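Since the structure of chain A is provided, determine the placement of chain B on it from the hints.
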Amino acid sequence: MSELSVDHLLGIKYLNPQDIQLIFETADHFKEVINRPIKKVPSLRDITIANLFFENSTRTKLSFELAEKRLSADVINFSSAQSSVKKGETLIDTVNNILSMKVDMVVMRHPNPGAGIFLSKHVKASIVNAGDGAHEHPTQALLDSYSIRERLGDVHGKKVVIVGDILHSRVALSNIFALKLQGAEVMVCGPKTLIPKYIGELGVKVETNLRAALNWCDVANMLRVQNERMDINYFPSTREYTQQFGVDKALLDSLNKEIVIMHPGPINRGVEITSDVADSKQAIILDQVQNGVAIRMAVIYLLASKIKQ
Amino acid sequence: MSQKVLLNAKEVNIILHRLACQLIEKHNDFSNTVLIGLQPRGVFLADRIAKILKDDYKVQNVQLGYLDITFFRDDFRRGEKPLSANSTKIDFLVEDKNIVFIDDVLYTGRSIRAALTAIQSFGRPNEIELLTLIDRRFSRHLPIQPDYRGRQVDVINNEKVKVHWKEYENEDAVYLIEK
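Chains as they are written, first to last, in UniProt numbering: chain A, 1 to 309; chain B, 1 to 179.
Please keep in mind that the hints were generated in silico from the structure rather than gathered at the bench.
You may find that some hints are simply not true.
[Stated by the list, open to error] Reference excerpt, derived from the structure (chain A facing chain B, CB under 10 Å, subset only):
#1 Leu22
#2 Ile38
#3 Val41
#4 Glu55
#5 Arg59
#6 Gly265
#7 Ile307
[Claimed, not checked] Pair by pair, the computed Cβ-Cβ distance ranges are:
#8 A/Ser2 - B/Ile24: 33 to 43 Å
#9 A/Glu228 - B/Glu167: 41 to 51 Å
#10 A/Pro42 - B/Glu95: 35 to 45 Å
#11 A/Asp287 - B/Asn157: 43 to 53 Å
#12 B/Ala9 - A/Ser2: 26 to 36 Å
All figures in this text were calculated on a predicted structure; none of them were measured in a lab.
Ideal Cβ positions, reconstructed from N, Cα and C, are used throughout, including at glycine.
One chain only, chain A, in its complex shape (with noise of 0.2 Å):
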């Protein structure tokens, strides 16, 4: 098999497991590329892809717009605080406004969970969701699950532990969707409040200690505290929470194990992994940034080839 069975990345929960193998395979090969003296492939050189964030993004906006440009398509980019939407314009009006210049695939971040499979029902794009609210967040799921590739070697049998903020992490929805379609065992570790009260449907264990949580797994995978998409305090106090659910140096050599650290970025130093945590040789973060370019790229090349000329 060598095409994806989907025509837009909306979210993991819509792939099957041969098209992760499908484009872990072709980030292969994006890797071997981007570390060639010239980085460039002129696979994409008749494509225009628009780069819409309604929400702000450092790393994901730079990862996907230098994936876009290794593959040479032109590149076009936008962010709401400079646009018209300020003035009231409809996302379906703005977006094909963007179309209506000849723009074959968009890559679009929104606060708001399902924009992107609103947008694929409205509009002839290719749409690569880049994050949609609280909701999926599907290219870092598949670079995480890469990265856990390339340092364990499989995905599959492996045990992942997601710890912190599960409740408003798009990021953990994804990832638990990527890791159990390939296999592995999952378990979330947070307080309480910060854990959806039905998430075990998800076949996922629960886990509030987070020791335990660390004995058990190969892969610890640790997220952000998303303050700014909290709106009642759901823990007393960040000093708590730290010494809860935070991971530092003795922690982590008092286990009976050497586990993998990732973390989704950007990291809080100091709250949910200290920075001799994030800088140690069990850390894989930088890992995950630079596949994360491969994995766009290869995400990209194979949507693209289903563009009908």
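Then chain B, alone, in the frame of chain A:
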């Protein structure tokens, strides 16, 4: 679907040795020369030529790499089938090197055009030559000709040339297949 033998195992063997000798005549000890097999099927021929150079003619410095041209092809989104990539493996610098591209069949020349672009990502070679086992005459879309050719054949458009290798297809042979 009918097929006809263009070259049998003995003829393939003679041609491979002749091509190896032609390479030695031009490149001497290969101190500044690298062989690049083009994925997917050019690498089988490249492996074989490199082995003959090393084992039969005792050339010590044979450097061999594989180049995948998928992302440099000019038919992305134009064909029926999606393109799938193979691995590129070039563990040496190509800057100022003499490169010999190796492919099994030269047909339209478009793969070679893509390879010429792709190799630039690895530096600026001194010169590039082309070695092919089979040269399909009168079928070129681009002004590209081989420097070393095994056999030139006249093939009409609904026919296909297929090269078999004993490592992969249990025999060395070249077939002409009518589609």
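Comparing the hints with the structure gives:
1. At a threshold of 10 Å, the smallest CB-CB gap from A/Leu22 to chain B is about 9 Å, leaving the interface hint in force.
2. Evaluation of the A/Ile38 hint against chain B yields a held restraint, the C-beta minimum of about 4 Å falling below 10 Å.
3. Here the hint on A/Val41 is kept, as its CB sits about 4 Å from the closest CB of chain B, short of 10 Å.
4. Evaluation of the A/Glu55 hint against chain B yields a violated restraint, the C-beta minimum of about 31 Å exceeding 10 Å.
5. Contact between A/Arg59 and chain B, as hinted, is not supported at the beta carbon level, the nearest pair being about 25 Å apart and thus beyond 10 Å.
6. Residue-level restraint check for A/Gly265 is violated (minimum Cβ-Cβ distance to chain B is 28 Å; threshold 10 Å).
7. Nearest Cβ of chain B to the Cβ of A/Ile307: about 6 Å, under the 10 Å cut. The hint holds.
8. Against the hinted window of 33 to 43 Å, the Cβ-Cβ separation of A/Ser2 and B/Ile24 comes to about 39 Å, which satisfies the hint.
9. Hint check: A/Glu228 to B/Glu167, Cβ distance near 59 Å, so the stated range 41 to 51 Å is violated.
10. Hint check: A/Pro42 to B/Glu95, Cβ distance near 21 Å, so the stated range 35 to 45 Å is violated.
11. At roughly 49 Å, the beta carbons of A/Asp287 and B/Asn157 sit within the given window of 43 to 53 Å.
12. Taken as a hint, the range 26 to 36 Å holds for the pair B/Ala9 and A/Ser2, whose Cβ atoms sit roughly 33 Å apart.
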